Amino acid sequence: MKTVDGDKAIEIADLVVRYGDRAVIDHLALTVRAGEVYGLLGGNGAGKSTTLQAILGFVRPSAGRVRVVGRDPASEPAEVRRAIAYIPENVALYEHLTARENIDYFLRLAGLRPVADEINKAFGTVGLAEEAWERRVSGFSKGMRQKTAIALAVLRRASVLLLDEPTSGLDPGATADFNALVSRLRGEGAAILIVTHDLIGVADIADRIGFLERGRISDEMVAEGPERFDLRALHNRFSRARAA
Amino acid sequence: MNALLREARFLLGLKSAVAAMVALFALTAVAVSAGLVEVARQEAAIARIGPQQASDVAAVTDWVSQGKDPGNAAYYTFHATSDPPSDLAFAAIGTRDVSPYVLRVRALGLEAQLYEGEIGNPEAALPGRFDFAFVLVYLAPLFVILLFHDLRSGEREAGRLRALEASVGAPSALWGARLTVRALGLFLALALPFFVGAFVAGTALWKVGAVLAVVLAYLAFWIVLCMVVARAARSSLANAMTLAAAWMTLTLIVPAIGHVAINSAIPLRQGMELGQTQRTAVHRAWDIPKSESMDAFFRTHPQWRNTAPLGEAFHWKWYFAFHQVGDELAGDLSRQYRQGVLERAAWSERLGLVTPGVATQLALHRLAATDPAAQIAYQDRIRAFHGELRRFYYPYLFEDRPFGRADFARAPEYRAAPAAGSWPVALLGGVVLMTALVGGIGFVRGRRVAS
Numbered sequence: 001m002k003t004v005d006g007d008k009a010i011e012i013a014d015l016v017v018r019y020g021d022r023a024v025i026d027h028l029a030l031t032v033r034a035g036e037v038y039g040l041l042g043g044n045g046a047g048k049s050t051t052l053q054a055i056l057g058f059v060r061p062s063a064g065r066v067r068v069v070g071r072d073p074a075s076e077p078a079e080v081r082r083a084i085a086y087i088p089e090n091v092a093l094y095e096h097l098t099a100r101e102n103i104d105y106f107l108r109l110a111g112l113r114p115v116a117d118e119i120n121k122a123f124g125t126v127g128l129a130e131e132a133w134e135r136r137v138s139g140f141s142k143g144m145r146q147k148t149a150i151a152l153a154v155l156r157r158a159s160v161l162l163l164d165e166p167t168s169g170l171d172p173g174a175t176a177d178f179n180a181l182v183s184r185l186r187g188e189g190a191a192i193l194i195v196t197h198d199l200i201g202v203a204d205i206a207d208r209i210g211f212l213e214r215g216r217i218s219d220e221m222v223a224e225g226p227e228r229f230d231l232r233a234l235h236n237r238f239s240r241a242r243a244a
Numbered sequence: 245m246n247a248l249l250r251e252a253r254f255l256l257g258l259k260s261a262v263a264a265m266v267a268l269f270a271l272t273a274v275a276v277s278a279g280l281v282e283v284a285r286q287e288a289a290i291a292r293i294g295p296q297q298a299s300d301v302a303a304v305t306d307w308v309s310q311g312k313d314p315g316n317a318a319y320y321t322f323h324a325t326s327d328p329p330s331d332l333a334f335a336a337i338g339t340r341d342v343s344p345y346v347l348r349v350r351a352l353g354l355e356a357q358l359y360e361g362e363i364g365n366p367e368a369a370l371p372g373r374f375d376f377a378f379v380l381v382y383l384a385p386l387f388v389i390l391l392f393h394d395l396r397s398g399e400r401e402a403g404r405l406r407a408l409e410a411s412v413g414a415p416s417a418l419w420g421a422r423l424t425v426r427a428l429g430l431f432l433a434l435a436l437p438f439f440v441g442a443f444v445a446g447t448a449l450w451k452v453g454a455v456l457a458v459v460l461a462y463l464a465f466w467i468v469l470c471m472v473v474a475r476a477a478r479s480s481l482a483n484a485m486t487l488a489a490a491w492m493t494l495t496l497i498v499p500a501i502g503h504v505a506i507n508s509a510i511p512l513r514q515g516m517e518l519g520q521t522q523r524t525a526v527h528r529a530w531d532i533p534k535s536e537s538m539d540a541f542f543r544t545h546p547q548w549r550n551t552a553p554l555g556e557a558f559h560w561k562w563y564f565a566f567h568q569v570g571d572e573l574a575g576d577l578s579r580q581y582r583q584g585v586l587e588r589a590a591w592s593e594r595l596g597l598v599t600p601g602v603a604t605q606l607a608l609h610r611l612a613a614t615d616p617a618a619q620i621a622y623q624d625r626i627r628a629f630h631g632e633l634r635r636f637y638y639p640y641l642f643e644d645r646p647f648g649r650a651d652f653a654r655a656p657e658y659r660a661a662p663a664a665g666s667w668p669v670a671l672l673g674g675v676v677l678m679t680a681l682v683g684g685i686g687f688v689r690g691r692r693v694a695s
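For the record, the sequence lines run as chains A and B. Numbering of the first sequence is given in our numbering, commencing with residue 1 and proceeding in unit increments. Numbering of the second sequence is given in our numbering, commencing with residue 245 and proceeding in unit increments.
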């Protein structure tokens, strides 16, 4: 993983995004550092997806500031997207292509030249079984698709990972594999933002957890000690956030 | 370039897209082949006239030379005219399947002869020809719709859109490359069989260039329309339905309504009616005093007034004179018919300015010289030739000069030459303007939606 200049890979300050008269993001402040996993929890309509869109430069802020690896996604979307690997909730690959062909296509899309050995190594890193490398992804499970997408992120040497509901629908074994993979990428210096409903899953892996309510962070908890988070407090806080 | 190669490789992996392009290629190839076969058939028919004409004239010459009667020569000698297909006719048969391209005329009244062409079964011509113009105007838009209706919405529905756009620096580069590769694929599916046809037919390079410009302009119109419809960000199914409705409206409904409206606004007498008017005058001449016909003839041909007077007996000069009077009586109708055909063509062209399919078809017919104007031009050439025939025979008839073997050799000959075709500038401009208009409306609407 490429390390980020400075500490703050994602920096959002006083961000406002309006759709018409409605402020979907309302003075949001959020920072994710290199080598950190940040869990962003929130109910439906809290503004999680819009936050991701703003980081990717797909929505233009009405006010405030977004910086990703020091660059403004609204004015330099190409440079920002080059640094980001975005993995949506349902990793949608091209069904008629094999895992390797998908990686090949997406790497070329990012302007990179695929090298077979590096792809093999990335598949090995993410734990995708060798027999699946040359198989069409139409028969892949959600976990296998995620591994393929993360292999792509590894190959792109993305310094920022945006993961949208990554563990939803994964069985416990696959979730554990996924968390191990995320820990590894964090160890290599990636800044990882996980947007999720999965309280337990994110508590296992996140260094900080922010609660998004009506477009702003209402509270933030930091992992401490071997237990990391007080799950009961986390649950109560999340319930309040969802009810808001 | 890398982006185009990447998208080309990607497109080649999509079975449905490849199948669509192969199907369009095959349809175009069949249409071009059918056009070449039809043109070869017409050329063979024209080529057969020469020897048959020679043997026919030889028989008449042998017989007439015995009596040396110029009336017999003028009456029994047929003179062949033909309208050879242009070097682009294979691509757009146009009116060549319903109007005669071979006509043998005599020095008799012309109007009745003009519409005696043998065109086979007219009902068989009703569905139109399956030629390159048909494939381009009616079928190619369906393939454009097939390949472009879900260009972006398909990715959105598959859940890949954001991941895709997040993977590439500028999303416009991705869509631009995808659009270009698909457009290029469709263009090649149309152009490659056309190139082969043009090579076989020996089509002039400027015409090949003009046809490619027409193809590009028409494809661009439909692609821009697909993009404008896609900007509404609805489902692929909704896009497909909207575009199918647009196809029906622009290629079937509007041209059909336009055709009916133009035909109602500019009624045309049938060619048979013109012939009948001329024939009625000719038949009436047998029942009225000869002097009546001759006086009418001398009014327009005073140079023959002082020739020998007619007696009671039959004389060829009276016969040919009342035929000419018959033509002159049908003259106004004939001019109206000619004017009406050209007016209808002009109004069709105006319709083409707002209907790209009509403009494209007319542009190809103009280039191939297979449009109504070319049909009228052939009739004009026949009229001019027929005038030469009359000027050749009348001195023999009115001055009672004998007509011998040497005179047959001096008779005028029709010189057939393929029509040149011309640049359809206004029609092509119409397609480009409509494309710009549709694109502009889409852009403005898109901005409104965005704001």
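Calculated from the structure, these hints are not laboratory results. You may find that some hints are simply not true.
Covered stretches of chain B, as calculated for chain A (at least 3 residues, CB under 8 Å) [stated by the list, open to error]:
#1 399-406
#2 609-623
Straight-line distance between alpha carbons at most 25 Å, and here's what the computed SDA-like set of lysine to any residue pairs gives [stated by the list, open to error]:
#3 A:142 / B:575
#4 B:259 / A:96
#5 B:259 / A:97
#6 A:8 / A:21
Bear in mind that the values here come from a model prediction, so they are computed numbers and not experimental data. Virtual Cβ for every residue (Gly too), placed ideally from N, Cα, C.
Taking the hints in turn, this is what the structure says about them:
1. 399-406: holds (count 4)
2. 609-623: n = 0 at 8 Å, threshold three: violated.
3. A:142 / B:575: 83 Å, violated
4. B:259 / A:96: 9 Å, holds
5. B:259 / A:97: Holds, at about 11 Å.
6. A:8 / A:21: 31 Å, violated
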